[in-house]
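Colleague: In the numbering used here, the protein residues as written are 1 to 69.
In short, the hints are calculated from the structure, not lab data. Cβ coordinates follow ideal geometry from the N, Cα and C atoms, glycine included. Do not take every clue at face value.
In the DMTMM-like style, the derived pairs of lysine to aspartate or glutamate whose C-alpha atoms are separated by at most 25 Å in a straight line are [said to hold, decoys possible]:
hint: 1; residue 1: Lys-41; residue 2: Asp-16
hint: 2; residue 1: Lys-41; residue 2: Glu-66
hint: 3; residue 1: Lys-41; residue 2: Glu-64
hint: 4; residue 1: Lys-41; residue 2: Asp-14
Listed next, with one range per pair, are the computed distances between beta-carbon atoms [to be verified]:
hint: 5; residue 1: Tyr-28; residue 2: Leu-58; range: 19 to 25 Å
hint: 6; residue 1: Gly-61; residue 2: Asn-5; range: 33 to 39 Å
hint: 7; residue 1: Leu-17; residue 2: Ala-62; range: 18 to 24 Å
hint: 8; residue 1: Ala-38; residue 2: Arg-13; range: 19 to 25 Å
hint: 9; residue 1: Ala-62; residue 2: Thr-39; range: 16 to 22 Å
hint: 10; residue 1: Gly-61; residue 2: Met-24; range: 16 to 22 Å
hint: 11; residue 1: Asp-34; residue 2: Val-7; range: 18 to 24 Å
hint: 12; residue 1: Leu-69; residue 2: Ile-23; range: 14 to 20 Å
hint: 13; residue 1: Cys-10; residue 2: Glu-64; range: 20 to 26 Å
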Amino acid sequence: MSNPNFVCPCCGRDTDLPPSVLIMQGNYGSAEHDTERATVKLCGSCYDWLYFMIQNTLSAGAIEVEFSL
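Model the full assembly from the supplied sequences, consistent with the hints where possible.
Modeller: Given below as structure tokens:
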């Protein structure tokens, strides 16, 4: 599935690949984002970079990983 019109909002590159998606869910207790769901579409490189940054900031096992094809 190609998407020739996708431009990554992080790096500005365009790609013909489907974007990667980061989904964040704020629940009760969040001072600024109660019940808010945010979805960000990124190119694969920016997704990898952001995932690496989060993974290396949190303790081991803090990220729940699920594979899907």
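Colleague: Which of the numbered hints above does this structure break?
Modeller: 7 and 11
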